[in-house]
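Chains as they are written, first to last, in the UniProt record's numbering: chain C, 1 to 473; chain L, 1 to 473.
No lab work stands behind these hints, which were simulated from the structure alone.
Heads up, a few of these hints could be off.
In this list, chains with the same sequence are indistinguishable; a pair is considered to hold if it fits within one copy or across any two.
Unchecked claim - 25 Å max Cα-Cα, derived BS3-like pairs, lysine-lysine:
#  : residue 1 : residue 2
1  : 332       : 97
2  : 234       : 172
3  : 375       : 97
4  : 97        : 463
5  : 338       : 172
6  : 459       : 97
7  : 378       : 97
8  : 378       : 176
9  : 97        : 442
10 : 463       : 208
11 : 338       : 324
12 : 456       : 338
13 : 338       : 375
14 : 234       : 411
15 : 332       : 375
16 : 375       : 337
17 : 459       : 378
18 : 459       : 176
There are 2 protein chains.
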Amino acid sequence: MEGEQTDFVWGVLDMVPITNFPDIRSRCAIHSKESGSVMVIPRENDLVRFYIQLKEVERDPNTKTESREFSGNVDDKKAKTKGRIDRSKITPELILKQAQEILQPYTLEMTDLDWFTGYQIGQRVSPNFSRHNRVFIAGDACHTHSPKAGQGMNVSMQDTYNLGFKLALVCKGLAKQDILSTYESERLKVARDLIAFDHKFSRLFSSKPMIPNADVLDGADMDEFHQVYIEGNKFASGTIVDYEDSVLVKKEGANAPDDNGCTMHPLASKVPIGRRLYSEVIISQADARPVHVADRLASDGRFRVLIFPGDVSTHPENMETLHKFQPFIDSKDNFAKKFTPVNAFSDSVIDIITIHGSCRYNVEFYDFPQFTRPKDYKGRCDYWKLYTGIGNTYHEGDIDAYESYGIDKKKGAIIVARPDSHVALVTEFSTDGLNAVDGYFKEFMLPQNDVVLPEKDVKGHDKKRFVQPRLAV
Amino acid sequence: MEGEQTDFVWGVLDMVPITNFPDIRSRCAIHSKESGSVMVIPRENDLVRFYIQLKEVERDPNTKTESREFSGNVDDKKAKTKGRIDRSKITPELILKQAQEILQPYTLEMTDLDWFTGYQIGQRVSPNFSRHNRVFIAGDACHTHSPKAGQGMNVSMQDTYNLGFKLALVCKGLAKQDILSTYESERLKVARDLIAFDHKFSRLFSSKPMIPNADVLDGADMDEFHQVYIEGNKFASGTIVDYEDSVLVKKEGANAPDDNGCTMHPLASKVPIGRRLYSEVIISQADARPVHVADRLASDGRFRVLIFPGDVSTHPENMETLHKFQPFIDSKDNFAKKFTPVNAFSDSVIDIITIHGSCRYNVEFYDFPQFTRPKDYKGRCDYWKLYTGIGNTYHEGDIDAYESYGIDKKKGAIIVARPDSHVALVTEFSTDGLNAVDGYFKEFMLPQNDVVLPEKDVKGHDKKRFVQPRLAV
Numbered sequence: 001m002e003g004e005q006t007d008f009v010w011g012v013l014d015m016v017p018i019t020n021f022p023d024i025r026s027r028c029a030i031h032s033k034e035s036g037s038v039m040v041i042p043r044e045n046d047l048v049r050f051y052i053q054l055k056e057v058e059r060d061p062n063t064k065t066e067s068r069e070f071s072g073n074v075d076d077k078k079a080k081t082k083g084r085i086d087r088s089k090i091t092p093e094l095i096l097k098q099a100q101e102i103l104q105p106y107t108l109e110m111t112d113l114d115w116f117t118g119y120q121i122g123q124r125v126s127p128n129f130s131r132h133n134r135v136f137i138a139g140d141a142c143h144t145h146s147p148k149a150g151q152g153m154n155v156s157m158q159d160t161y162n163l164g165f166k167l168a169l170v171c172k173g174l175a176k177q178d179i180l181s182t183y184e185s186e187r188l189k190v191a192r193d194l195i196a197f198d199h200k201f202s203r204l205f206s207s208k209p210m211i212p213n214a215d216v217l218d219g220a221d222m223d224e225f226h227q228v229y230i231e232g233n234k235f236a237s238g239t240i241v242d243y244e245d246s247v248l249v250k251k252e253g254a255n256a257p258d259d260n261g262c263t264m265h266p267l268a269s270k271v272p273i274g275r276r277l278y279s280e281v282i283i284s285q286a287d288a289r290p291v292h293v294a295d296r297l298a299s300d301g302r303f304r305v306l307i308f309p310g311d312v313s314t315h316p317e318n319m320e321t322l323h324k325f326q327p328f329i330d331s332k333d334n335f336a337k338k339f340t341p342v343n344a345f346s347d348s349v350i351d352i353i354t355i356h357g358s359c360r361y362n363v364e365f366y367d368f369p370q371f372t373r374p375k376d377y378k379g380r381c382d383y384w385k386l387y388t389g390i391g392n393t394y395h396e397g398d399i400d401a402y403e404s405y406g407i408d409k410k411k412g413a414i415i416v417a418r419p420d421s422h423v424a425l426v427t428e429f430s431t432d433g434l435n436a437v438d439g440y441f442k443e444f445m446l447p448q449n450d451v452v453l454p455e456k457d458v459k460g461h462d463k464k465r466f467v468q469p470r471l472a473v
Numbered sequence: 001m002e003g004e005q006t007d008f009v010w011g012v013l014d015m016v017p018i019t020n021f022p023d024i025r026s027r028c029a030i031h032s033k034e035s036g037s038v039m040v041i042p043r044e045n046d047l048v049r050f051y052i053q054l055k056e057v058e059r060d061p062n063t064k065t066e067s068r069e070f071s072g073n074v075d076d077k078k079a080k081t082k083g084r085i086d087r088s089k090i091t092p093e094l095i096l097k098q099a100q101e102i103l104q105p106y107t108l109e110m111t112d113l114d115w116f117t118g119y120q121i122g123q124r125v126s127p128n129f130s131r132h133n134r135v136f137i138a139g140d141a142c143h144t145h146s147p148k149a150g151q152g153m154n155v156s157m158q159d160t161y162n163l164g165f166k167l168a169l170v171c172k173g174l175a176k177q178d179i180l181s182t183y184e185s186e187r188l189k190v191a192r193d194l195i196a197f198d199h200k201f202s203r204l205f206s207s208k209p210m211i212p213n214a215d216v217l218d219g220a221d222m223d224e225f226h227q228v229y230i231e232g233n234k235f236a237s238g239t240i241v242d243y244e245d246s247v248l249v250k251k252e253g254a255n256a257p258d259d260n261g262c263t264m265h266p267l268a269s270k271v272p273i274g275r276r277l278y279s280e281v282i283i284s285q286a287d288a289r290p291v292h293v294a295d296r297l298a299s300d301g302r303f304r305v306l307i308f309p310g311d312v313s314t315h316p317e318n319m320e321t322l323h324k325f326q327p328f329i330d331s332k333d334n335f336a337k338k339f340t341p342v343n344a345f346s347d348s349v350i351d352i353i354t355i356h357g358s359c360r361y362n363v364e365f366y367d368f369p370q371f372t373r374p375k376d377y378k379g380r381c382d383y384w385k386l387y388t389g390i391g392n393t394y395h396e397g398d399i400d401a402y403e404s405y406g407i408d409k410k411k412g413a414i415i416v417a418r419p420d421s422h423v424a425l426v427t428e429f430s431t432d433g434l435n436a437v438d439g440y441f442k443e444f445m446l447p448q449n450d451v452v453l454p455e456k457d458v459k460g461h462d463k464k465r466f467v468q469p470r471l472a473v
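If we strip away everything but chain C, and leave its shape as in the complex, we get (with noise of 0.2 Å):
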């Protein structure tokens, strides 16, 4: 892996404290002027983590001249080290003292001692997550970084979550193996901006505070630090992992990416292309019910496309455009027959989900094309397909997610989202639109028209085939 060893060692304590500083269970950190760093994680019960800059601790003279943990490019920052720390000689005591310098003059005793370690920075990443697209490495393997940032499993398992989806649709015959080298392209990023943020995070927060209108302004300035502290919440939202163009997301037809960097379609202008859809409040049309958006796109494997027709009531021209989505639907030729297998459930690779702009109130279940309420093999119906962008709520107020994803009501639009939720696709409300979706499915997905599944027995029960995750059942 290439990256560095830094000399910052840190050490960590869950415990339950006895102490006075009033904000013990707020998360925080603690520059001390001279004594390092802490920062303070309230965990469950009366549980505190501790994170605390360690000043005094013994190396391995061994670990000077061992070079295996060092990529040739570091060479020259390698030679600064003063070599890997003896962790045999980190004792929680050792952290409480230290903890208890830079807390002063709060006190700070410790009780119920849960875990402590100590560690010592090692920011690297892997110049390749993968080879011949048949050997994949993901989480530790590829990318360290200090855990302060909150991500180090997190991103581990985003790594295998991007990964995951790719290869069942390989896996399954449903798509072709080129996808698969778009998870080295979209976790090398994610891990190279993790490790810069972690550089940058880590040096302010091992750094002495610099003294405001001091004669000497040098240390963190701690504006900074707050704004890179505030930064790092993203990070463990995840939110603004963001794919570039690829074969699985099309950014083309999008406006220039803006000042944070999200890159929208005018049809949908709140929704950044190659992120995450941000979940928003729609209502079922069959029930009432209000449901968020990332709870109906379960991670299942499937993809979704979104059709947001806009206002029908108000527009009658958007409804009949609706209506002339059904025999595109219903082609073999098209994206929502044509990839999946003979006799599997309609929506077990592709789901499509129609969200109108018009009150519930204003608009009946029947008045909507079969295909926003398709029938399976025993004809049953499935309700869970149409809903509606605005309403009221009891729970969540006034929704709209036309608004919140800036989509206008009369010219609608079109979604596509990946298995894992990422924006994969923006595209216009009308059949062309459709054959956009057409075209995106048809560059990676392999058709399906000869695979044929067993017939399904119209005898069992199998009532919970709407919620149980499947892809080409």
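Position chain L against the provided structure of chain C, taking the given hints into account.
Coordinates of chain L only, in the frame set by chain C:
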């Protein structure tokens, strides 16, 4: 048990319907003109529960003479019954056929039958729920009614929930055995109210609908039916259960009951005494997290004394009053210590929670008296005793528990909640009020000053002590 068997027979189907009835995913009731009624209750996945009134079911002729089921005073009603139904004659197909007739002109077919049953509505209640404060019956053993109010399991669990905390208090030697007599006085009334409601509801449901503007206005008035339907939701939520004045509920000093039968004290003019304390969001002073009062009042057998000192920032004299509570609470002769065994956690019988009415930022955690941040045998602070009732939260918006509970921010109030969260007492925020709280507990609690539990092990780890259920430990 006293009560009656009706001649109304119902069938129940849990199945996935195939229908063109548009409201199949909404809870609704359908009164047909001639064929009876059906209640539609959408369930998880695609299941729908149907309650269907059956017209022709064979009776078991022997039951006409059976009297074991009926108490003496309903002999006249028994004489009129046609006898008990023969349940073996009720099949899913028979129930479905009836439902199809009721739903006309809409169609209804059945797939994925999950469960079915048939029953005859009986409404009976036992005249006694206990003997000698030593033997108790609960649930179906003392009340039966139709299942359509959704209250069979709920009311039965509430019976034992009511009994449970009283038994625990008595068995642990904390309270006098007398309190057990409130089980019958409290729950018998609930059972009678419920059966009276069920009686009205079932008859409205089972009757023909009244045809508006017809020559002869007979049958069930649909407006009245709708009103009773809504009333039923209050039973379902449990919020109208109202316990009368007793050793455990003190309504003296309160206003006369209002139109809804709620008895409120002027100092907390929206808190019905004897009913479950309605949950409001409050904000922890220590960590700014919003928490529902209901979550803070976990059902762990403990009483809660909720002190509302008002806006202590605008009214410093209120903070002074609060500080005067400290010696009272410290005294071994008063409720806070007197009824808790020696060496038990100080809040393990009576939990004192302070909810002030100032903006969290205008007061400091350490401005408040020591009893709002008690320390345990290890010196660990309990951070979960002090809250503000006003402020702004991300998910819940602006909150004002003082407004919701009808408590004046200058006067304040004290509320005592029983272990089942029913409001026991509302009194003034003053040492007089604290004395009233003391009087409440002294009436039925047993002094524990001489009950000495083993000393706790200072070296043991018990980091979960604040969250695990406990009573006098």
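Hints, one by one, checked against the model:
Taking the shortest alpha-carbon separations for residue 332 and residue 97, neither the intra-copy value of 71 Å nor the inter-copy value of 39 Å comes in at or below 25 Å. Taking CA atoms no more than 25 Å apart as the test, residue 234 paired with residue 172 passes in neither setting, with 34 Å inside one copy and 52 Å between copies. In this homomeric assembly, residue 375 and residue 97 come within 25 Å of each other (Cα to Cα) only across copies, at 23 Å, whereas the closest approach inside a single copy is 68 Å. Only between protomers do residue 97 and residue 463 lie at most 25 Å apart by alpha-carbon distance; the minimum there is 22 Å, versus 60 Å within a single protomer.
Only within a single protomer do residue 338 and residue 172 lie at most 25 Å apart by alpha-carbon distance; the minimum there is 15 Å, versus 70 Å between protomers. For the homomeric pair residue 459 and residue 97, the shortest alpha-carbon distance between copies (20 Å) is at most 25 Å, but the shortest distance inside one copy (70 Å) is not. Taking identical chains as interchangeable, the C-alpha atoms of residue 378 and residue 97 lie at most 25 Å apart only when they sit on different chains, with a minimum of 20 Å there against 70 Å within one chain. Proximity of residue 378 and residue 176 under a CA criterion of 25 Å is satisfied in neither setting, with 32 Å inside one chain copy and 63 Å between copies.
For a Cα distance limit of 25 Å, the shortest separation of residue 97 from residue 442 qualifies neither inside one copy, at 63 Å, nor across copies, at 48 Å. Proximity of residue 463 and residue 208 under a CA criterion of 25 Å is satisfied in neither setting, with 62 Å inside one chain copy and 34 Å between copies. In this assembly of identical chains, the alpha carbons of residue 338 and residue 324 lie at most 25 Å apart only when taken from the same copy (19 Å versus 78 Å across copies). In the homo-oligomer, the alpha carbons of residue 456 and residue 338 lie at most 25 Å apart inside one protomer (19 Å), although the nearest pairing across protomers, at 70 Å, exceeds that limit.
Taking the shortest Cα distances, residue 338 and residue 375 sit within 25 Å of each other inside one copy (18 Å), while across copies they are farther apart (68 Å). Taking CA atoms no more than 25 Å apart as the test, residue 234 paired with residue 411 passes in neither setting, with 32 Å inside one copy and 44 Å between copies. Proximity of residue 332 and residue 375 under a CA criterion of 25 Å is satisfied intra-copy only: 17 Å inside one chain copy versus 72 Å between copies. Proximity of residue 375 and residue 337 under a CA criterion of 25 Å is satisfied intra-copy only: 14 Å inside one chain copy versus 67 Å between copies.
For the homomeric pair residue 459 and residue 378, the shortest alpha-carbon distance inside one copy (9 Å) is at most 25 Å, but the shortest distance between copies (65 Å) is not. In this homomeric assembly, residue 459 and residue 176 never come within 25 Å of each other (Cα to Cα): the closest approach is 36 Å inside a single copy and 61 Å across copies.
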